[in-house]
Structures are given as structure tokens and as C-alpha cells.
Amino acid sequence: MPYDALDFYDVDSLLTEEERMVRDMVRDFVDNEVLPKIEQACRDGEFPDEWRVELGNMGVLGAPLKGYGCPGLSYTAYGVICRELERGDSGLRSFASVQGSLAMYPIWDFGSEEQKNHYLPKMASGEWIGCFGLTEPDYGSNPGDMITKAEDMGDHYLLNGAKMWITNGTIAQVAVVWAKLDGVIRGFIVEKDDEGFTAPEMKGKHSLKASVTSELVFQDCKIPKDRLLPGVKGLRGPFSCLNNARYGISWGAIGSAQACFDSAKEYAMSRIQFDYPIASYQLVQNKLSWMLREITKAQLLAYHLSQKKDAGTWIPEHISLAKMNNVDIALEIARVARDIHGANGILDEYPVMRHMANLESVKTYEGTHDIHNLILGRHITGIQAFTRTLE
Amino acid sequence: MEVTIIAETTGDALHPVTAQLVGAACSMGGAPTVICPGGIGTSEASTISGVTKVISAEGECFGTFDSGAWADALSPLCEGVVMTSSSAHGREVLAQIAAIRNIPIIQDATGLENGIRVTRPIYSGKAIETSVVSPPCAITVRQNAFESPGSDGNAGISTVNNSSNIGVAVKEALAKASERLDVAEADIIISGGRGMGDPSNFSHLYEIADIVGAAVGASRAAVDTWDEIPHGMQVGQTGKTVNPSLYIAVGISGAIQHLAGMRSSKYIVAINKDADAPIFGVADYGIVSTWEDALPPLKEEFAKL
Amino acid sequence: MTIAVLLKQVPDTTARITVSGGRVDEAAVGKWSMSPYDEYALEYALQLKESGGGDLVAITCGPARASKILTDAAAVGADSLVHIVSDDSGIDSSNIQSLLASAVRRTGAEVVLCGKQAADTNAGSTGPGVASILDFTCVGMVSEVSVEGDGFVAMRTSPSGNEKVSVSKPCLFAFDKATTEMRRPNVRGIMMAKKKAVETWTPEDLGVTIDSPRVSLESHSAPAEKPPGQKFEGAESVPTVVSKLRDEANVI
Chain C
-15 MPYDALDFYD
-5 VDSLLTEEER
5 MVRDMVRDFV
15 DNEVLPKIEQ
25 ACRDGEFPDE
35 WRVELGNMGV
45 LGAPLKGYGC
55 PGLSYTAYGV
65 ICRELERGDS
75 GLRSFASVQG
85 SLAMYPIWDF
95 GSEEQKNHYL
105 PKMASGEWIG
115 CFGLTEPDYG
125 SNPGDMITKA
135 EDMGDHYLLN
145 GAKMWITNGT
155 IAQVAVVWAK
165 LDGVIRGFIV
175 EKDDEGFTAP
185 EMKGKHSLKA
195 SVTSELVFQD
205 CKIPKDRLLP
215 GVKGLRGPFS
225 CLNNARYGIS
235 WGAIGSAQAC
245 FDSAKEYAMS
255 RIQFDYPIAS
265 YQLVQNKLSW
275 MLREITKAQL
285 LAYHLSQKKD
295 AGTWIPEHIS
305 LAKMNNVDIA
315 LEIARVARDI
325 HGANGILDEY
335 PVMRHMANLE
345 SVKTYEGTHD
355 IHNLILGRHI
365 TGIQAFTRTL
375 E
Chain D
43 MEVTIIAETT
53 GDALHPVTAQ
63 LVGAACSMGG
73 APTVICPGGI
83 GTSEASTISG
93 VTKVISAEGE
103 CFGTFDSGAW
113 ADALSPLCEG
123 VVMTSSSAHG
133 REVLAQIAAI
143 RNIPIIQDAT
153 GLENGIRVTR
163 PIYSGKAIET
173 SVVSPPCAIT
183 VRQNAFESPG
193 SDGNAGISTV
203 NNSSNIGVAV
213 KEALAKASER
223 LDVAEADIII
233 SGGRGMGDPS
243 NFSHLYEIAD
253 IVGAAVGASR
263 AAVDTWDEIP
273 HGMQVGQTGK
283 TVNPSLYIAV
293 GISGAIQHLA
303 GMRSSKYIVA
313 INKDADAPIF
323 GVADYGIVST
333 WEDALPPLKE
343 EFAKL
Chain X
42 MTIAVLLKQV
52 PDTTARITVS
62 GGRVDEAAVG
72 KWSMSPYDEY
82 ALEYALQLKE
92 SGGGDLVAIT
102 CGPARASKIL
112 TDAAAVGADS
122 LVHIVSDDSG
132 IDSSNIQSLL
142 ASAVRRTGAE
152 VVLCGKQAAD
162 TNAGSTGPGV
172 ASILDFTCVG
182 MVSEVSVEGD
192 GFVAMRTSPS
202 GNEKVSVSKP
212 CLFAFDKATT
222 EMRRPNVRGI
232 MMAKKKAVET
242 WTPEDLGVTI
252 DSPRVSLESH
262 SAPAEKPPGQ
272 KFEGAESVPT
282 VVSKLRDEAN
292 VI
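Residue numbers (this note's numbering), protein chains in the order written: chain C, -15 to 375; chain D, 43 to 347; chain X, 42 to 293.
FYI, nobody ran anything at the bench for these hints, they're computed from the structure. Note that the structure is predicted; figures quoted are calculated from it, not measured. Please note that a few of the clues may not be correct.
[Stated by the list, open to error] Below, in silico cross-link-like pairs of lysine-lysine (DSBU-like), each with a Cα-Cα straight-line distance of 30 Å or less:
(1) C:106 <-> X:236
(2) X:72 <-> C:271
(3) D:308 <-> X:72
(4) C:176 <-> C:206
(5) C:187 <-> C:206
(6) X:236 <-> D:282
(7) D:308 <-> D:282
(8) C:100 <-> C:50
Produce the complete structure using the sequences and hints provided.
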């Protein structure tokens, strides 16, 4: 069956022609090159390298960045790209999010002119893969207390510590690593072959199986002086990257939800029980109409957020709400879709359980669902509830 | 009403559609002249009931297929309603004759009535178009849409020599590629399931596929069970989604995953020994039989076509 | 060398076609696309341009919405875009051939590529008709074409398999399913396409008088409902089924 991208309110008609052309291009890539291979990639636990090449050829990496060989698209287009990629798989979208928003973006915003010229063209073309090192084994939601530190050794920096849950880590040529230099969080560009740097892959995931997840280990890792990102100090650096990535996720989750809806509708229409398609039963229709409702709301949310992003009138809390809501409903839609598929839903013949398992990660990474609630809670009350002193 | 039919030939003989064209012409009250390009099949054409005249169109240009050259050479011989088969060659030649003679053209007619009212499928058969045209005009006709008349005719044969410049030079003729058609691209698919019993039995499917130009597909059960059946042949949820004109499912029960990949086929034939198999629920023509019994006559019947 | 490719916008082949009031309801078509055989023509036109140099002109004839496929063509590398604006109603195949032929003449193209037939009308008159009007050599059922010397060499299907044929300019190639799929655009191409102007030519610009159609459309209708599934017992029913496939279903 051809993909019937659910768009009940015709929200895509609000896109520019250019944005729709980008959508169609990525959709075609997903249909022809991702979906036929995704289940095998998950079984093998590998990110197919030809996807990297084609993402580079299409020119979608670092979508909203301008100059230095970057595409220079709107944030809306970036959102659409994330949505179409994640309709294929969250792991594929993660690859693009990390490359664009977490690795290219900090170099583009905080890097020196030399750093931008050196890294960005090759990252936009997909020749070099990037990763982003913020989370540590013991510091996830609380990155401010990170342990990884850098020491100024005069003619170089010395990096020590470890990062965990790093998408693309093992396959990356370039890592943007956040570490404390004299107690202040700074960004460093670490290259694959730097002495004292290793990036072992984390195996055994039940989620994002077609995506590479790694640890980054720094043992007296020597970093030349010109690899410090000069433009930012403190948590504002990583957080500004995360805002962009979270924005992309708020769109991406819709893609997963659309894929699950599509599969559930198709299955319900053709699965006969008690002599009739299960789609003719009220309990199933209730599920489908609830999916339609939530997807439509999520689409409007993402679209409006994209307009604020392009106009520069957004605040991080806007993004928190959209990321939290859209991933939450996407995960719930995936679970309900699995339900509609009955036992067949657990097979990799259908995409629903893969999306469901992927979305469990997406709900947690880039600010957990709960942390986004706390961000909104602080925004509403003015009282931060992240930390407290227990008597 | 004057009708000129340009015969469709295959090798050294008339293609059966030529007689059907005569039948179509007569059904709308026409008195057809049949032109045989390259002089092929003239005596056979003269025996088709209803044919008034046969013209053997001879000329060097008929040695190579160059639709422009053919159109130039044949156009002066055409009168009234000019008809060909809606084969690739027929369409191409007649479109150019129509342009040369400045007459309207309707392609791929499946119905003709006095008037001349022409029906034809459009949007790959998702709709039917009915239009009216008056002579002189050009109409191509779909194969097997009209009955062939008898063969008790005895029309006179005349010969015209009329060649034209050829612009197409054949450098190399290549036999049909020996590699198998891909299920995603074939217009006819014959698929086997686990009911085939053994992968070696797929040879029966290949034999039939070769006769009708079909691709051979398989269900997931067959692909999973037998290493000899590659995943590329798999039709269904995780295999290929196909929509051929004709899908023949042999020894396939019709699991929902298989149906998802082939139910949009235009026509479905199911051969299964289990009368309750779900595949019969989507089949246009179901045959309750073992494949061992059904495939030999199927092959025989297809070979007769 | 100027290369012209003739493109048509049609309802996507996956779109549902509905008939209302005796006409196919175009307003109900969810998605419009470039006709699939035209995509192959465009791909090979790009290849000819890349190997032999020259300018690639994409030409379409149709209502305002059809300019979308010209932009799509520009996104993959068409150099200039020509839109012959015509409202489909009251124009028949002969008129369209005249318009397209005049447009090709105006571009000075010596080689024309097009699909063997459009996915809506399924007719296949346009390519050969245009070739005839222009007195270009016509090669149909083409699956590949490349530059060879001053001319071209093409692969076409023949009743017995395939034939490699050589043709000199001026000529027209009508594409069947080709060896290579149309390339995917990239972001750079899409952004450039947006800036590329579509030239709009009217029949008057082309010096073509639109004759009143000589084929008058009476009606469109939905295809006859398929009869409900029929089940036969035993292998002795095979001849019956085969004759039904031929006469009832018309698929063999």
C-alpha cells in the first residue's frame, strides 16, 4: 500500500512549495531506501552507511544552518525532514538530529571561523559524521554536575572522563564534547583519532536498534588548543543545541505516529474476525479516531511552533511542550496500534512495535518527559522543582 | 463506411488481432480493406470473413520498424476509418498516420458502436471514456476485445509498392533477457506458497511464467521455509507490494500479510486444495484443486492463447 | 544541442479516480504527479545533457496546476521551463500535438524525449504525433538512450526482445519503462528550482489555432463492477477459468 500520510486538517498545505518539495524528496528516500531495509538493519543492529551517503547527497544535514556548505532551509523544512525520516525510523531521524542540531549547530554557532570552514562543509555533505557528548553515566537529567573535565596544559588541553548514550559515537569522525574547564562548561571538538579517545559501542538495545549508541571515553585525551569552541560558556551551549534537536523531535514523533496509524488502519480494514473487518467494530474505530485526533493536534502544535521558530519568537518552554506532547502521544499511538494488530503486531512484518520500542527512547532522550514537565512547571509557577534538599 | 485496417503481423504470419479488427470494423457497419505491411499474411487476410479488399504494401522500409517511415508509406493507402491494433507498434504507426492525414485519433478502443461511439479504458482501467468521432478518423483497438469473424472470405489481393526513407537503423537484436522478471514490475504474476510442497516444484510455475511473460513470486511461508526461494520473490507485508493485472496464487493459503501485498491486483486467481483457504475470499476465480492437477492444464491452456 | 522533454501532470497512479456527473472528478484527486513514463524521459534527457552538453528544456501543456512538474524538473536539472497554458476542456490530442510541436520548434530542439503514453489518457498519440508534425524520426518503446557521435543509440523493446538502434538528429524518443529510475532531487536543486522562471506560452504565441475538437467526449463512467468471486471445483475447471480471464477479465 502506498503511504497515506494522515493529514486530516491539511496542515501541509501551509508549507511553502519548497518545503513540500523537500518533504516529497525525503519521503521518496524513505519509501525506496529505508523501509525495504529497516527491519534487517534492526536485526543486524547497524545503521546502513548508504543512508548517510544519501542524506548527504540530498543535502538535508544541518538543514536550517546557513553558509559553510549547509542547506540554509527554514526550521519548518527541518521539522518536515525530521517527520519524514522518523516515519521510516526514529534511529534514522536520530542520526540526522545529532548530526545537524547537536554536532553541526554548536560549531556553526559557537565555533571559530576556521572551525566552521574546516568542519561544516564535510559534515553537511555527510562525509564526516558528528556526535554530541553531554550525558554521563551518572549525570543525565542533571548535566550541570558533569564530571568530565579539561585541563589547560599550555599548548593543549587534556580531557578526562566518560560520556554515555551517545548516538553515532562509534561511527563519528567528530565529537562535540562538553567538559568543565576551570569549573566552567565548555565545548571541545574531539576527533576520532585523538590520542586517549575511544568510543566503544553499547550493545543489547531493545530500542533504536538501527542506530549506533556509544560511550565516549577520554583518558588523558590530548586536544589541540584550536579545538575549543570559543563562542560559549556554561550550560547555554549544550542547551541551545538541545532546543534545536528537541524541536526536530516534536516533528519527528508525528512521523512515527503517522506510520503506526497507517499500518493500524490498513490492518483493521483487512483483518477479518467474526466475519467482518475489525475496522467495523466500535472499539477499534474508537482507537482509530483517537489516533486521528491526537495526530491532528500534534501536527498543528508542531506547525505553529515551526512558525515561531522561523520568526524567532519562541521560548524554550514552547519546545518542551511540543517535544513532550508529541512524543507522548506518538508512543501511546504506537502502543494502541500494536493492540489493533493483535499478535501480528509483535512481528517485524509490521512497523508498530519497532516504533513503539524506539519511542521509549525518544521519550527519555533530549530531556525526559518528566523534565519537560518540570520546565513547564517552573515556567508556570516561577518555582524550580528540579532540585531540593531532603532533610 | 470505408474502413482501412493495417494488419498486425507476428513473424511471417498475421497476428490474431487482425481478424478481431475486421470483426470490430464489421460490428460498426464497416467494409474493411486490409493492408498487409511488407506483404505479410495477405492470403490469410483475404480469407477473413467481411474483408472486401487486401492490399499487399510492399517496400524496403517494411524490413525495419520505423513508425515514421511506415506511416509515410502506408498513409496514402488509407481511407475512411483507419484501424490498427493498440499494440505498441500499432499505436505508434497510427498516431503518425493520423498526424499526416490530419484526422482525429482514439487509442485502445474496447467497444465500438455505430456512430462512431468509442469506449476505452482510461486511468489504467479506473474509468471508462466514451466519445464520438466521425470518419475520417483513426482508431486503435485492444486485443481480445472483439470477436474474430469466420474465415470464409475471398477478397482480392492487390500489390502496392510504396517505400519511404528509414531513419532507424537496428544495430543489434537482443533476445529477451534471460533474467527473471521482477514481481514488482510484472503485469502477470504467478506465486507459489508452502503448498507447493518442495522448492523444486516451483519449476512448474516458471514454465507457465515463461509462456505468458509472467514473474514468479512467493509467499513468506515459502521464502522462510526454503533457502532456494529468495526474499526478492516475496510478495506481502515485508516483501513487495504488487498490483499486476493478473495474480495467480498457487498453494497459498492467503495469510493477511500475503493479502496485504497483492490484494490490489486487478484479477486474482487462486489454486488451492483447501476450499476454506482465505485466499478464496479475495480471488476473482478460485479453483479448488491440488496444484499437481491444476497446473498442467493451466499451462496447456495458456500455451493455446 | 537543445534537448526538449515533454512532460504531463496526471493524477498520481495511486490516487483514487472518481466519476461524478459523467466526468472524472479532478477536484477529488488527492495528488498530482509527473506521468511515470515521462519521468524516465526526463532522466535520460538529463543524461544526454550531461554526456553531450546542451540545454534541457522541459515543456508541458496543461492548466495552471501543471507548472508544478516543471519546477520538479528544474529541481533535478532542467535548464528552462515552458508552460503552454491550456485548459484541457475543448482541446483534443491533435491540438495538443500541434501546440507541443510548435513549442519544440520554437526552442530549436533537435532531440525530443517523452513518455510512451500518459497515465491518465493511456493513449500514446502525443510522441509519435509530434514527431510526425516536426518530421523527426520517432523511436518508441525506448528503455535507454545515449549520445553516439552526432546521433544517438537507443534500446527499444521489439516483439522478440530488445533492439539497439541508432538514429540521427532530429529525432524523438518515447519512453517505456527505462533501465534507470528518475533521480531524486536534492536541496540545492530544489532551492534553485524555486528561482527558475516558468515561461508561459499561449496558443497565439505559438501561432497555433485551436480547432474545435473532432473527438467529442460523451462521458466518463466508472468501470463495470467486477462480478463477485467465482469458485470452481477441480482441475477440470481450468479451461473455463482461462477463457474467463481472456473474455471476461481481458487480462491475458
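Hints and how they fare:
Under the criterion of a C-alpha separation no larger than 30 Å, the hint pairing residue 106 of chain C with residue 236 of chain X is consistent with the structure, at around 26 Å. Annotation: proposed proximity of residue 72 of chain X to residue 271 of chain C holds, straight-line Cα distance about 27 Å (limit 30 Å). Restraint check for residue 308 of chain D and residue 72 of chain X: the C-alpha separation of about 22 Å stays at or below 30 Å, so the hint holds. A distance of roughly 12 Å separates the Cα atoms of residue 176 of chain C and residue 206 of chain C; the hinted pair therefore holds under the 30 Å criterion.
Taken as a hint, the residue 187 of chain C and residue 206 of chain C pair is honoured in the structure, with Cα atoms around 27 Å apart against an allowance of 30 Å. Between residue 236 of chain X and residue 282 of chain D the alpha-carbon distance is near 38 Å, which puts this suggested pair outside the 30 Å criterion. Restraint check for residue 308 of chain D and residue 282 of chain D: the C-alpha separation of about 16 Å stays at or below 30 Å, so the hint holds. With a C-alpha separation of about 11 Å, the suggested pair residue 100 of chain C and residue 50 of chain C falls inside the 30 Å cut-off, and the hint holds.
When each numbered hint is compared with the structure, a violation occurs for hint 6 only.
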